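K.L.:
Residue-level listing of the chains:
Protein chains: 6
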Amino acid sequence: MHARKVKLAADAKLDEVAGITAGFSGADLANLVNEAAITATRRHAAEVTLADFTVAVERIVAGLERRSRVLNPQERRAVAFHEMGHALVALALPGSDPVHKVSIIPRGIGALGYTIQRPTEDRYLMTRAEMERKIAVLLGGRAAEMLVFGELSTGAADDLARATDIAREMVTRYGMDEGLGHVAYEPPRSATPELALLGGSPPRTLSEETMKRIDAAVAGLVAAGFATATSLLTKHRAVLEQGAARLLDHETLAEDDLRELTAALRAAADQAAAERPTTV
Amino acid sequence: MHARKVKLAADAKLDEVAGITAGFSGADLANLVNEAAITATRRHAAEVTLADFTVAVERIVAGLERRSRVLNPQERRAVAFHEMGHALVALALPGSDPVHKVSIIPRGIGALGYTIQRPTEDRYLMTRAEMERKIAVLLGGRAAEMLVFGELSTGAADDLARATDIAREMVTRYGMDEGLGHVAYEPPRSATPELALLGGSPPRTLSEETMKRIDAAVAGLVAAGFATATSLLTKHRAVLEQGAARLLDHETLAEDDLRELTAALRAAADQAAAERPTTV
Amino acid sequence: MHARKVKLAADAKLDEVAGITAGFSGADLANLVNEAAITATRRHAAEVTLADFTVAVERIVAGLERRSRVLNPQERRAVAFHEMGHALVALALPGSDPVHKVSIIPRGIGALGYTIQRPTEDRYLMTRAEMERKIAVLLGGRAAEMLVFGELSTGAADDLARATDIAREMVTRYGMDEGLGHVAYEPPRSATPELALLGGSPPRTLSEETMKRIDAAVAGLVAAGFATATSLLTKHRAVLEQGAARLLDHETLAEDDLRELTAALRAAADQAAAERPTTV
Amino acid sequence: MHARKVKLAADAKLDEVAGITAGFSGADLANLVNEAAITATRRHAAEVTLADFTVAVERIVAGLERRSRVLNPQERRAVAFHEMGHALVALALPGSDPVHKVSIIPRGIGALGYTIQRPTEDRYLMTRAEMERKIAVLLGGRAAEMLVFGELSTGAADDLARATDIAREMVTRYGMDEGLGHVAYEPPRSATPELALLGGSPPRTLSEETMKRIDAAVAGLVAAGFATATSLLTKHRAVLEQGAARLLDHETLAEDDLRELTAALRAAADQAAAERPTTV
Amino acid sequence: MHARKVKLAADAKLDEVAGITAGFSGADLANLVNEAAITATRRHAAEVTLADFTVAVERIVAGLERRSRVLNPQERRAVAFHEMGHALVALALPGSDPVHKVSIIPRGIGALGYTIQRPTEDRYLMTRAEMERKIAVLLGGRAAEMLVFGELSTGAADDLARATDIAREMVTRYGMDEGLGHVAYEPPRSATPELALLGGSPPRTLSEETMKRIDAAVAGLVAAGFATATSLLTKHRAVLEQGAARLLDHETLAEDDLRELTAALRAAADQAAAERPTTV
Amino acid sequence: MHARKVKLAADAKLDEVAGITAGFSGADLANLVNEAAITATRRHAAEVTLADFTVAVERIVAGLERRSRVLNPQERRAVAFHEMGHALVALALPGSDPVHKVSIIPRGIGALGYTIQRPTEDRYLMTRAEMERKIAVLLGGRAAEMLVFGELSTGAADDLARATDIAREMVTRYGMDEGLGHVAYEPPRSATPELALLGGSPPRTLSEETMKRIDAAVAGLVAAGFATATSLLTKHRAVLEQGAARLLDHETLAEDDLRELTAALRAAADQAAAERPTTV
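Chains as they are written, first to last, in numbering that gives the first Met the number 0: chain F, 0 to 279; chain B, 0 to 279; chain W, 0 to 279; chain A, 0 to 279; chain P, 0 to 279; chain S, 0 to 279.
In short, the hints are calculated from the structure, not lab data. On a predicted model such as this, the values are computed, not experimentally measured, just so you know. A hint or two may mislead.
As the list claims (entries may be wrong) - One side only, chain W facing chain B, incomplete, derived with CB under 7 Å:
hint: 1; residue: Tyr173
hint: 2; residue: Met175
hint: 3; residue: Val182
hint: 4; residue: Ala226
hint: 5; residue: Ser230
What the hints assert, rightly or not - Simulated pairs of lysine-lysine, DSSO-like, Cα-Cα distance not exceeding 30 Å:
hint: 6; chain 1: P; residue 1: Lys100; chain 2: W; residue 2: Lys211
hint: 7; chain 1: S; residue 1: Lys211; chain 2: B; residue 2: Lys211
hint: 8; chain 1: B; residue 1: Lys211; chain 2: A; residue 2: Lys100
hint: 9; chain 1: W; residue 1: Lys234; chain 2: F; residue 2: Lys211
hint: 10; chain 1: F; residue 1: Lys211; chain 2: A; residue 2: Lys211
hint: 11; chain 1: W; residue 1: Lys100; chain 2: B; residue 2: Lys211
hint: 12; chain 1: W; residue 1: Lys211; chain 2: A; residue 2: Lys100
hint: 13; chain 1: S; residue 1: Lys234; chain 2: S; residue 2: Lys100
hint: 14; chain 1: P; residue 1: Lys211; chain 2: A; residue 2: Lys211
hint: 15; chain 1: F; residue 1: Lys211; chain 2: P; residue 2: Lys234
hint: 16; chain 1: S; residue 1: Lys211; chain 2: W; residue 2: Lys211
hint: 17; chain 1: S; residue 1: Lys211; chain 2: F; residue 2: Lys211
Even glycine gets a Cβ: it sits at the ideal position worked out from N, Cα and C.
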C-alpha cells in the first residue's frame, strides 16, 4: 500500500538529503519524499533531483509566502490565536524545542500561519515525555481556538493528523502503552530514507480486539495532549491574548518578541511558585 | 483505492486551475478533477487541458442548460419546492452564504434545478457551526419535499452524498465529534490539487468499534441538519409556498425576488420576536 | 471493482445512446453497457459501436425470440402464471407504469417469458412509493408461482436480483430507511453514462453494525414487496387464472386483451367497495 | 475475482457449444469453460477452439477411461457402493432424472467411477424440491459409504463441493431460504456463457450477521439432503448390496440391469404400502 | 492468490511427471511444483523442464545429502529421537504405510533427518482414520522430543505445517467434522496438476462464526493426533530409546533394523494382551 | 504481499551467501536480502551481487561506523545503559550466546550502539527456552533504560520489532503456545533463501477468535521476556552501572572487559547461592 516508487536522479544522494533534514522525524521525511515527488512532477521530470528535495524542505519548514491569500479579520484573529497557542505551549512546556518564529503570513499550501521550532541539536532518541510534549504543542493551536472562540474550526486538521501519527507510533512502534506492552504492532518504519522509498515492510494482521485497544490508546494520548495544552493556555490566558494581539499588529514575531513572552510566562510561574504554601 | 491517475497537459498549470476555483471545498476539487477527466475522455484526448478544467468548473457550479429535458407537472412542483427548500434554509440560517439564484431549468448531468450560493469572499477556515449550516442547507431540499408532499423521492441523492461527506470529514478529519476526540481517523486530504491527483495518502486501519462510533457520529450530524432544516421550513411554510409558486411561474428567481423572500423571512422573525414574552 | 473499461467507437456518442434509453433506470444502463460489450466481443471487435448499443437495448427490452427453446407443459404453465403475476400486480397497483404486452415466447438470454411495461413519459424523480411498487411488480412473478404451485423455482432469480438492487439503492443512496437516516451509505451512482463507464466512485467503508442494519432494511423492503404482491394476487386469483389460461392459449397478450383483464380487476374492486359496509 | 479471461477461437461459436451442453447447469458450464481452457493449454494453444469444448464436454460427462489406474479391492468396493449410492437415491427419489449407466471403471481426472443421469429433456426451470433431490443424489455416494463401511473417505470431495454449490445458490440466488427471504445475496450468475467468460458481476458486501445466516442455511440444506439419502439407502439396503455386488462383477451396469434394480425398489415400496395399516 | 504461473517446457509432459509421483498427496504435488520452479530458477532458466521435476521429486522424498552440515551432539540426539518418533508411531499404528528407512544424515533444505514411508501401492481413496494416522505420524517427531527432553524445539515446524494442512482439508474439503457437516468450505483442490498450475478456484467467503468453528475443528484433529503419538511413544518408550541409540550409532536404519524394532513392538503388544485379564 | 522480487547476479550463488551467514535466523536472512537490495539500488545496479550481500552482512552485524553522528551526553548515557542491558542479560542468562563486543560508537543506519553476540557454532534447532532467552536479551536494552531512567524512549523500536517477530513465530509456526496447540497458523517460512526470494506461501485465513488468541500469546511471551530482563538487571544493578560507566569511558568493551563483568556476575550469583539456606 505504501509502496510509492520514486525514481531518484543520480545527484540526489541520500546523504546530502540527510544533511539538510537534521531534526526531521520519520513522518517529516515521508512528507519530504512526497513533496519532492510533487515538485518533480510539476516540472514534468521523470526523476527526483536534489534540487527537488531542497525545494521540498523549504516548503515543509515554512511554506512559500502567499501574500495573495487574503484572510478576513475573523480568520486572521483565529490564525493568530492558533499560532500563539502552538508557540505558548512550546514555550511553557519545559523541555520543548525553542520557538524561533511565529507568523500569520499565509505560506505554502494550506498554511495560514506557522510556528517554527528548531531543535537545538540533532536528536537520536526521544523519550515518551518528549513525544507527549510534541502532541501537546501540536494541539496547542486548536486548544487556543477553543479557549478563546469556544468553537472548533477546520484549521487544525493537519495538527490533528500529525498528533495522531505521533500517538500511533508511540503505541504501535515504540511500545509506550502499558496495556499493549513492549510489542511492535507495526513493522519498523526504517530510519533510513532508502527503505522508506522502497515502501517498507508489509503491515501485520491484527485481531479486532487489538485494533480496538490501539485505537483507545491513541485516543487517550491525544486527549491527554489536548488537556495539557488547554490547561497551560488557561493558566497563561493573559500572555496568550497579549501575544496574539502583537502578532496581529506585526504579522511575525521573531526571537526578541518571543523572549519577552517567555519572560512573562516565567514571571507568572515564579509568582505562582512564590504563592504556593511551603508545606507541600 | 483513490489513486486515479490523470495525466495533465502542459497548459493545465494547477495555479491557474486554482484561480478559477476560489471557494471550492476539497470535495468540490475532487469532483472537478473527475469532471475534467470526463470532459477530456469525451473528446478522446489523452491529457486533461486547462480548457477541460474550465468546462468542468462551469458544469459543477451550474451545469449545462438542458431545455430538452421535460419534467411532468408533479416533478416540476417537487423540484420547485426542493430548490426553495435549499434557498430558504440558506436565507433563514444566519451566517450562511448569500443565495444568488434559484432555478428549476434542468441543467447539466442529472440536475433538475439548482440553487447558487456564492460566498462573499474566499474562506480559509470553517467553523463547526458553519459546517452544520452547510449540512442543513443541503438537506433543505429533501426537508421541503417531505414537509409538502409527505414522501421521500430520489431527487435528493446527491444532496445526501454531499451532506454525508461533510459530516464524515467533521468527524474523521476535523475532530469535531466530542466522543471520538481530536484524533484524525483519515489521512489529511491535502488541500492541494497536486496531491489529490496523486491519490493522497492510504487510508488508516480502524477497529470495528471505532468505525461504529464514526458511523453513529456521522448519522447524528446528518439527522441534526435535517431537523434544523425541517424546523426552519415548518416555521416559514408560508414563505416556502410563496417562493415555490413564484419559481414555478418564472422558472428562475434572481437577487431581487430573493430579496423579497428574505424580507418576508425577516418580518416573520421580527413578529416572532415581538410576540415573545420579555421575561425569558 | 466496478471499473470495467469499455472502449467506445467514435460513433457511439453517449447522447445518442441516451436517446434510445429513455426510461431506463441506472441498473438498466449498467446492464446495457454489459450487453453492448458482449455484442462487441461476439463480433471480435475492439470497440463498442452505436450498433452494439442498439442491439443491446433490443435484447434488454424484449430479448431475441428463441422459438427453438421448447419448454415442457409444466414449465410453460409456470411461466404463464409467473408473467401474469408481474402483469396483474402492475395492473392492480395504482400508479404503476401501464403494461403493454405479456408473452410466454422464450426470448433472449435466459428469458422464458416477458412482461413489458412502458412508462408513459420520461421520469426524472421517483418517490419511495413508486419504488416500493416496482419491487412488488418484480416479485409478482414469484408470488404467483407460490400461490398457484405452492413451491419456489429458479425462474425468479433475475427478479430477485433487480428487486434487491432497488431496495438496496432505497436504503443506501436515497436515505429511504427511517432508522438509517438521510445518510448516503454508497457514493452517488452518477446519472451519467460516462461516469458509469469510468467505474464510479470507490465504495465507502462501513462498520459491521451499519452493514447489518442495511441488510435488515433491504430484506424488510423486499419482504414488504412480496407481501403486497401476494395479497393482490390472492384477492384477484380468478383474474390470474383467467389471464394465465388465455396466455397459454395465445402465447402473447397485447393491449386489447390486457384491457379486458384490467376491466375485470376494476369490476372486482368496485364490487368489493360496494360490499364494504358503509359504517367504516 | 472470477474474471478468468479465455480467448475464444473464431470457430468456437457459443451457440454450437450450447448445442452440445443441453441440460448443463450453470456450474457445469463454468466447469466446461475451465476444462476447455485446460485442454487448450495442454496443446500449447493460445485460443480455445470448438474441439476443446467437445473434448471438455466428454471429460465432464464421463471422463476418459483410465484402465491403467488400478484400485485395490477395498477401494473398488468403496467405489462400487459409492456409485450405487448415487444411483439408488436417484432411482428411489420420485422426480429425479433417470439413471442410464453406473460404472466403476476409472475415468478422467480423479473420477474412480461414475453414474450418468440424463435428463429426459432440456429443463429451463428447477423447483426447490428438484434442487433438494439433486443434493440428495450427490450425497448418496457418501451416505452409502457411511452406511456400509461406517467411515468417511476422501472420495466424496467433489460431491460435497457440488452439493454445497447448489445449496448456496438456493440460498443466495434463488431466495429459497425462508429466513433470508426473497433477497439476492449474490449478483445473478448469468445463464449465458458469454457473461460467464467475462467474469460476471462483482460480489456484494454483506454483514457478518447475514453471512452467518447464509452459512447456516447452506449447512441445513446439505444436512437435509444427506439425511434423505441415508434414509432411502437404509430402507433399500438389500438392493444397495445387490447392486454393488453386480457392479463389482460387471464393472458397468447399463439400462437393463438398472431396470431390474428399479423393479426391486418398486417391489419394496409396494410391499411397504401393502403392509401399511389402512387407517392412516 | 495461489495463481503462481509456472511456464512449462515442451518436454515437461504432465503425464510423465505423474508417472514419477505415484502416491503423492495434493500437498506434495503443490510442493513439487514449487521445488521444480526453484530448481529452474537456480539454473536461470525461463521454463520448468522434466529434469527440474525429477530433481524436485528427489529433493522432496529424501532431500540432498548435506554432509557439510555438522550438528552438535545435543542436536543430533534431538534429531535421532525426532526421527524415531515418526518411525515408531508409523510402525505401531496399524494401517500406516510401512517405514523403509530412517536417517539422521542431514539432507536437502532444512531437513536434519528423514523417515521414508513408502505406500505399498498407489492409493486413490483415504479414510478419515488413515488421515488421522498420518497426522499422528507427522506429530510423532515432536511428541518424542517432548517425551524425552521435556521441551519444544523449532525442529517440528514443517511437521506442524503438514499436519495442519491435512487436518484443514479433512474439515474444509472432505466434510469430516461432524459439527460442520458434509459441506465443502473450500473449492475442490483439483486432483489434476494442470488446474493446480492455473491456480485453482477462488476461495469462498465464510462468516466469522464458520471460520471459528473450522479453526476449532482443525485444532481438535491436531491435538488428537499429538495425543495418539504421545500415548504410543510412552507405551513403547524402551523401543524408542533403543532405536534412537542405534540411529545415533549407525546414522541410518534400513529395513532389517526396522524389522527388529517392529518385532520388539509386537512382543510388547503381545505381552500386554497376555497380561490383560480375560474377563474384559 | 511479501513477494519482493530481487534479481540475483550470476555470481551471487546462494550457497556462498549461506557461507557468510551462519547463525542467522530467518528474520536475519530476510533483513539481509533487504539490505543487499538496498545496497544494489544505491549503486544503481539492476542485479544484486555477492558483494552486495557481503556489505549487507557487515551492516547487519555491526553497521557502518558513523563518527559524524554526535549524540548529546544524555543520549550517550541512555545508549550505554541500553547496550549494557543487552549484554548483561545475555551474560547472566545461562545458555545465551557469548557476548563478544559492546559499543556505543554509532554505526550503520539508525544504530546508536551495538552488542555483538556470536554463536559458538552453527545451530540448526532452537528450543523454546532459547527463544525465550533471545527475547529477554532483545528487551534487555529497554529494561535497562526503564530501570535507570524510569522512562521509555524510541531507542528500542527495532528490539521490539525483532522480539515480536520471534514471539510470533513461536506461536504461529512452532506451535509453542499451549492453548493454541501444535497447529501451524502461518505457512512454513522456508528455511531456504530461494523460497524467501520468491515470496513464500500465501497467508492462511484465520478467525477473529484465533487472531485474538495469537495476539494474546505473543504479548504474553514478550511480557515474560521483559520481566526476565528487568529481574536480572535489578539483581545485577551494580554491575550494570559499572559496565555502563566503563562503556562511556572506553566507547567499546571487548572480550577482556566483558570477562571481568562476567566474573562480577558470577561472584554475585555464588554469594547468593552461599547465602541461601540449605533446607530449601
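K.L.:
Determine for every hint whether it applies to the structure shown.
P.N.:
Each hint, compared with the structure:
no. : hint                   : result
1   : Tyr173                 : holds, 5 Å
2   : Met175                 : holds, 5 Å
3   : Val182                 : holds, 5 Å
4   : Ala226                 : violated, 20 Å
5   : Ser230                 : violated, 21 Å
6   : Lys100/P with Lys211/W : violated, 58 Å
7   : Lys211/S with Lys211/B : holds, 20 Å
8   : Lys211/B with Lys100/A : violated, 58 Å
9   : Lys234/W with Lys211/F : violated, 54 Å
10  : Lys211/F with Lys211/A : holds, 23 Å
11  : Lys100/W with Lys211/B : violated, 48 Å
12  : Lys211/W with Lys100/A : violated, 48 Å
13  : Lys234/S with Lys100/S : holds, 22 Å
14  : Lys211/P with Lys211/A : holds, 11 Å
15  : Lys211/F with Lys234/P : violated, 48 Å
16  : Lys211/S with Lys211/W : holds, 23 Å
17  : Lys211/S with Lys211/F : holds, 11 Å
Comparing the model with each earlier hint shows violations of hints 4, 5, 6, 8, 9, 11, 12 and 15; every other hint is respected.
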